[in-house]
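Sequences and hints are given; from them, build the entire structure.
Residue numbers (my numbering), protein chains in the order written: chain A, 52 to 166; chain B, 366 to 475.
Rather than coming from a laboratory, the hints here were simulated on the basis of the structure. You may find that some hints are simply not true.
Straight-line Cα separation of at most 20 angstroms, SDA-like style, residue types lysine to any residue; simulated pairs [to be verified]:
1. B/K457 to A/L118
2. B/K410 to A/T154
3. B/K457 to A/T53
4. B/K367 to A/P121
5. B/K407 to A/G91
6. B/K367 to A/Q95
7. B/K410 to A/T60
8. B/K407 to A/T53
9. B/K472 to A/G91
10. B/K410 to A/R114
11. B/K472 to B/Y416
12. B/K407 to A/G54
Since the model is a prediction, treat every value here as computed from it, not as a measurement.
Here is what each chain is made of, one letter per residue.
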Amino acid sequence: ETGVTQSPTHLIKTRGQQVTLRCSSQSGHNTVSWYQQALGQGPQFIFQYYREEENGRGNFPPRFSGLQFPNYSSELNVNALELDDSALYLCASSTGDRSSTDTQYFGPGTRLTVL
Amino acid sequence: RKEVEQDPGPFNVPEGATVAFNCTYSNSASQSFFWYRQDCRKEPKLLMSVYSSGNEDGRFTAQLNRASQYISLLIRDSKLSDSATYLCVVNKSGTYKYIFGTGTRLKVLA
Chain A
52 ETGVTQSPTH LIKTRGQQVT LRCSSQSGHN TVSWYQQALG QGPQFIFQYY
102 REEENGRGNF PPRFSGLQFP NYSSELNVNA LELDDSALYL CASSTGDRSS
152 TDTQYFGPGT RLTVL
Chain B
366 RKEVEQDPGP FNVPEGATVA FNCTYSNSAS QSFFWYRQDC RKEPKLLMSV
416 YSSGNEDGRF TAQLNRASQY ISLLIRDSKL SDSATYLCVV NKSGTYKYIF
466 GTGTRLKVLA
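Below you can see the structure in the form of structure tokens.
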């Protein structure tokens, strides 16, 4: 096991609602990356947090936001949920610095369904 | 053109067969390469990193061809337990994000 945990495992929401997903990184890792994986697709990079600051963002709208805490755990918040937000949300922890990342280890994911 | 492209498959092969997957990438500045394995409805798990000199781990061999911008994964003596989706991952030098292909599905048949 990677030591990366995520909660909850499954979640059902309705359009327009807000959701918070949580991730605890592997001990000793200072970087958390979040990915969205739609059915039949590879994971798509949402953003990364390094030492509590956002360290890069993929092509996702501002209603996707996040936090990283002093213990390096992290949250992903999504506002105004849309049907297309239904996906598996993965977090990955790693060591690294602002411009590079070592091997990323993934948590089990949160499966979000938006009705 | 996608940054990382893979044949989605599925590749249906009998037990004991040898199977190979290729993955092409578009950014020549890409620096790090990986193969991850993903079982149905589970998280991706690192299978192996891919080095310029090629590397082998048991029945699995990974190769990198920088000139043609592709990486490959060879699986020898396929087992039923190898059935999964294999994700090609590229990390550009000096950046922090992984770029995934869509994955190649492998089904090993008894």
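Below or equal to 20 angstroms on CA atoms is what counts here, so check B/K410 against A/R114. violated, 29 angstroms
Does A/T60 lie within 20 angstroms of B/K410 when you go C-alpha to C-alpha? It holds: about 17 angstroms lies between the C-alpha atoms, which stays within 20 angstroms.
Measure nothing beyond the straight line between the CA atoms of B/K457 and A/L118; if it is 20 angstroms or shorter, mark the hint as holding. violated, 24 angstroms
Is B/K407 close enough to A/G54, meaning Cα to Cα at most 20 angstroms? Holds: B/K407 and A/G54 sit about 15 angstroms apart, inside 20 angstroms.
Keeping to a limit of 20 angstroms between CA atoms, is the pair of B/K472 and B/Y416 held or broken? Roughly 26 angstroms between the alpha carbons, so the hint for B/K472 and B/Y416 is violated.
Given pair status - A/T53, B/K407, alpha carbons within 20 angstroms: holds, 13 angstroms
Is it true that the CA of B/K407 sits at most 20 angstroms from the CA of A/G91? Answer holds: B/K407 to A/G91 is near 13 angstroms, not above 20 angstroms.
Restraint status (C-alpha distance of B/K367 to A/Q95 at most 20 angstroms): holds, 12 angstroms
Taking only the CA atoms, is the gap from B/K457 to A/T53 under or equal to 20 angstroms? Violated: B/K457 and A/T53 sit about 24 angstroms apart, past 20 angstroms.
Proposed proximity, A/P121 with B/K367 (alpha carbon, max 20 angstroms): violated, 36 angstroms
Restraint check for B/K472 with A/G91, where alpha carbons must lie at most 20 angstroms apart: Distance of about 15 angstroms is within 20 angstroms: holds.
Does the alpha-carbon distance linking B/K410 and A/T154 stay inside the 20 angstroms limit? Roughly 11 angstroms between the alpha carbons, so the hint for B/K410 and A/T154 holds.
Checked against the numbered hints listed earlier, the structure breaks hints 1, 3, 4, 10, 11; every other hint is satisfied.
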